[in-house]
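Those protein sequences? They're chains B and V, same order as listed.
What the first sequence shows, in the numbering used here, is residues 1 to 222, in sequence order.
What the second sequence shows, in the numbering used here, is residues 1 to 295, in sequence order.
The reader is advised that the hints may include incorrect statements.
Stated by the list, open to error - Ranges between beta-carbon positions, derived for each pair:
id	chain 1	residue 1	chain 2	residue 2	range
1	V	LEU74	B	GLY188	52 to 62 Å
2	V	LEU114	B	ARG213	44 to 54 Å
3	B	ALA136	V	ASP252	42 to 52 Å
4	V	LEU290	B	ALA181	49 to 59 Å
5	V	GLY226	B	PRO215	24 to 34 Å
6	V	GLY226	B	ARG97	52 to 62 Å
7	B	ALA29	V	LEU114	23 to 33 Å
As the list claims (entries may be wrong) - One-sided and incomplete, this derived list gives chain V residues near chain B with beta-carbon spacing under 10 Å:
id	residue
8	TRP67
9	ILE83
10	LEU88
11	ILE165
12	PRO291
13	VAL294
Derived by calculation from the structure, the hints in this document are not laboratory data.
What you are looking at is a predicted structure, and each value in this text was computed from that prediction instead of being measured.
The C-beta atom is built at its ideal place from N, Cα and C for all residues, glycine as well.
Here is how the chains run, residue by residue.
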Amino acid sequence: MRDGAITAGGAMSVGGAVTGGGAMTADGAVSAADVVATVTDPELPLVTLAELGIVREVRETVDGVLVAITPTYSGCPAMEAIRDDIVRALRDAGFGRAAVRTQLSPAWTTDWISESGKAKLAAAGISPPGAAPRRAAGPIPLVLGIHTETVRGAALGGAAAVGGEAVGGEAVRGAAVPGAAIACPRCGCAETERISAFSATACRELRRCPACREPFEHMKEI
Amino acid sequence: MSFDDDAYGALTDHDDDARWAYGTGFADPLAGVPTAVPGDLDRAGLAAYCLMLGDDALVMSHRLQQWVTRAPELEDELALANIGLDLLGQARLLLGRAGEAEGAGRDEDALAYLRDAGEFRNVRLAERGDADFAHLVARLLVFSCWRLPLLDRLTASRDPVLAAIGAKGVKEVTYHREYAAQWVVRLGDGTDLSHRRMRAAIDAVWPSVGELFETHEVEARLAAAGVAVDPALLRPEFDEAMSQVLAAATLDSPATTDGGATAGDRGRDGGHGPELGEILVEMQELARALPGGVW
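Next comes chain V alone, as it looks inside the complex (with noise of 0.2 Å):
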C-alpha cells in the first residue's frame, strides 16, 4: 500500500474478505514466528506467565491512550501514542504466545477481549488511573523502571519466544523510561508549584511499588527452570534508576511506604480495583456487544 492507492480499496484488498470489527484485520502478531515450545517446558505455566507480562503491557498501553488528546503538548501526544503502541505491540506478542502455549484455541483477541477482569493477571500498577500529568509520568517512570530490567534479563529465557520479545522491548522501553524520568526532572526541578505535584505523585503511586518485587509462585517455578525473570531480582536496578531520577528531580526519596506484601489482592492472582473494571468496560465494549462481529 503506498499513498497514491486508493484508501478504500486497501481495506478490503486481503485474502480474507472479512475482518473483526474491532480488531482491524490485524494478522496474527506472531503469524510464521516458530512457535513450537520447547519439549521440557511447562506450557500451562509459559501461558500464565506471558499473560501476566502482556496484561501489563495491555492494560498500560490501555491508560497512556487515554491521555491522547490530553497531553500538555503535541510532542507528547506523539510520545504517549508511541509508547503506548509500543506496549500494545508487546502485549500481543505475550498474548498471542499465551494462547499458543495454553492450547485451548484462544487467540490475543480472545484474551484481550474476552475476559472478565478477575482473570486479568496485570500487576494493579499498570491499572491505575492518573489524577494529573504528573501521575502519569511517576506511574510510567516506576512501570519502566521495572520493566527495562525485566525485559533485559528476559532476552535469556529459554522460551525462544520470550527472549526475542524481550531483546525487542529493551529497545523499546529504554526510550520510555528516559521519557519518564525527563518529565519528573523538569517537573521535579521545575516551579514550586510543579515540585510540590510531582512531590505528591510519586507519594501516589509509591504504594504500588512493592507489588512489583513480590514473586509469585508461576514466577519462581519459571525463573529455576530458566524461563522466567524471578521479579525480586530487579529491585537494586529499580531502586538505583529512581534514585538517580529523584536526585536529579530534587525530591527525596518517597515519605509513604512502598505498600510492601500485600497478600491477598495481589494483581498477580486476578485481585484488581474497580478501576481496572472501568478499563475492560471501554475497551471490550464492541467485541462484548457484538461477537466475531465483523465489517
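Chain B extracted, bound-state conformation (with noise of 0.2 Å):
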C-alpha cells in the first residue's frame, strides 16, 4: 500500500505546516492552517476537514493561500463544496487569494481520522473506523458472508478473526478484515452485523444492533 509511510495520527504533521489548535501567528492573528482546520464537512458536519484527515498541507505564501487536500473517494460529490468551504473561509478570515490543490496520492486512508474526529462520530452515533486493513503480499482477499457474519474476537496484531467464508485461502489469514469487532454506538453491545455494505455514503456502511435492535452506521475502515 502506498500510504504505508504515514501512520495513524501522524497525517497533520505531513504538510509539515498545519499545527494544532490555538496556534497563532506572530503579530497575534489566526493562521491560515487555523482556519482551514475548523472548515466542517458537508455531509458530515459534526467534524472538521482536519478531524478527518484530508487536509494535507497549508502554506502561506506571498501570492496567497496554498492548502492540499486528499479526496476520500474517488466519486465524493463533496469534493467541490469543500473547495469552496476552504476559500470562503479564508476570505471570510482576511486572507485574500487562496488555492486548493488535489492530492490524490497517497490515497486518504481512515487511518487520518484523529482520535476527537472518531469520538465526535461516535457521540453522534456513527460508529468510528477502526485500524484499516493492512494488506499483505498478492491478490486482494475477498471475504464472503461478511453482511450477516458477527465477529468474535479483537483484533491481533492487525489481524482480525472473522466468522465469515474466506475466500483465497490462506491469504485472507493475517489480512485485516473489515468489519472486525464493531460495538454498538448506542447500548455498547460488542457484536453487531452488517446490513449492507454502502450507506447513505460509499464512506459508511449500515449495521444493526441484536441487543437494542437498532440500526446505525459505521464508518468503513479503507
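Build the complex: two chains, separate frames, hints provided.
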C-alpha cells in the first residue's frame, strides 16, 4: 500500500504546516492553517476537515494561501463544496487569495481520522472506523458472508478473526478484514451485524445491533 | 456549505457565475493535481489508454445508475448508487487525464458528452443491459474481479496520475467485488428458482469475458513502457476469484464459452453493440441539445 509511510494520527504532520488548534502567527492573528482546520465537512458537519484527515498542507505564500486536500473517495461529491468552503473561510478570515490543490497520492485512509474526530462520530451515533486493513502481498483477499457475520475476538496484530467464509484460502489469514468487532454506538453491545456495505454515502456501511435492535452507521475502514 | 445554509444561495455562491446545464458546476476533477506527463511517455498512447479505462468506468456507472429505483431493497439502491458513483469518480479522473495527455483542449465533459459510440473504447461487457437483477450482479462480479487486479497493478505505473487513480480505486472496487459476490452466493445458494436464474445469468454474461483479457496494441506498447497493465496477466487472479465465488454459490463453471477472441468488434477498437448507442442517447441528450448550455 502506498499510504504505508503515513501512520495513524500522523496526517497533520505531513505538510509540516498544519498545526494543532490555537496556534497564532507572530502578530497574534489566526494562521491560515487554523482557519482551514476548523472548516467542517459538508456531509458530516460535526467533524472538521482536520479531524477527518483530508488536509495535507496549508502554506502561506506571497501569492496567497495554498491548501492541499485529499479526496476520501474518487467520486466524493463533496470535494467541490469543500474546496469552496475552504476558499470562503480563508476569505472571511481576511486571507485574500487562496488556491486548493487536490492531492491524489497517497490515497486517503480512515487511519487519518483523528481521535477527536472519531469521538465526535461516536457521539453522533456513527460507529468510528477501526484500523484500516493492512494487505499482505499477493491477490486482494475476497471474504464472503460478511453481511451477516458477527466477528468474535479482537484484532491481533492487525489481523482479525473472521466468522465469514474466506475466499482466497491462505491469503485471507493475516489480513485485517473490514468489519472486525464493531460495537453498537448506542448500547455498547460488542457484536453487531452488517445490513449493507453501503449506506447514505460510500464511506459508511449500515449495521444492526442484535441487543437494542437499532440500526446504525459505521464508517468503513479503507 | 453546511446544512443550515440557504440551498439556493449555495448554488450560486461560486466564483464562476455560470454552470453547465448538466454538469452541476463541478470543477475539473484533476484540479490542482500535478498533471505534467513525464517527458519520455508516449502522450497519445497514454491518452488512448486512459480513455479505455475511463470509458469502462463511465459506461458501467451509467448501467448501474439505471438500476436506481429498480433494485429489490432500499439497501441495494444505496449500494448500486454508491458503486456507480465510485466508478463515475474514477471515470472523471481518467477522462480528465486522457484530455491532459491528448493536449487537444478536450476536457472530461467533451470526452463524455460529445463523442459518438464509435469513439468509445470501453469493453463490451460494460455496456450490456441487464435482463434481471441476477444478470446485474453477475456482470458486476465479472467486471470487479477483472478491474480490481488491474487497478492494483496500475499502482506501479510510471504515470503518477494513473498510479494514484489505481491506489484509490483498489479500495473502492474491493467493496464492489464483495457486494456482487455476496449476491451471487445468496442467489446461487438460494431457492431452486434463484439458483436457476443465477446460473442463467452467469452463462449469459460469460461470452463477454474473453474480450477482457485480450491485449490491445496500445495496452501492449504501454505495458512494455511500464505505464499500462497487460490485461492478459490478470486472468489467473480473475479465474481464482470467480471459481471460488461460484463454488460458494453452488454453481458449476459456466457452460458457455467465454467468447474468446472477438476480432473485428472489440470495444477497445470502437466496436460496440446497439446497447452503447442507447446509453449515449440518454447520457448525452442534454449536452447535445444545448451545447455549452448554462443555468
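Hints versus structure:
Distance hint check: the CB atoms of LEU74(V) and GLY188(B) are about 27 Å apart, inconsistent with the given range 52 to 62 Å. Taking the beta carbon of each, LEU114(V) and ARG213(B) are about 52 Å apart, inside 44 to 54 Å as hinted. The hinted window of 42 to 52 Å between ALA136(B) and ASP252(V) is violated, with their beta carbons roughly 31 Å apart. A C-beta distance of roughly 53 Å is found between LEU290(V) and ALA181(B), which places it inside the suggested range of 49 to 59 Å.
For the pair GLY226(V) and PRO215(B), the beta carbons lie near 47 Å from each other, so the given range of 24 to 34 Å is not met. For GLY226(V) and ARG97(B), the Cβ-Cβ distance of about 39 Å falls outside the hinted range of 52 to 62 Å, so the restraint is violated. Take ALA29(B) and LEU114(V): their Cβ atoms lie about 48 Å apart, and the range 23 to 33 Å is violated. Hint on TRP67(V) is violated. Least Cβ distance to chain B is approximately 13 Å, over the 10 Å limit.
At a threshold of 10 Å, the smallest CB-CB gap from ILE83(V) to chain B is about 7 Å, leaving the interface hint in force. The criterion of a C-beta within 10 Å of any C-beta in chain B is met by LEU88(V), whose closest approach is roughly 5 Å, and the hint holds. With a least beta-carbon distance of about 7 Å to chain B, the hint placing ILE165(V) at the interface is held under the 10 Å criterion. With 10 Å as the threshold, the beta carbon of PRO291(V) stays out of range of chain B, its nearest partner Cβ sitting at about 23 Å, so the hint is violated.
Below 10 Å, beta-carbon pairs count as interface contacts, and VAL294(V) has none with chain B, the closest being about 16 Å; its hint is therefore violated.
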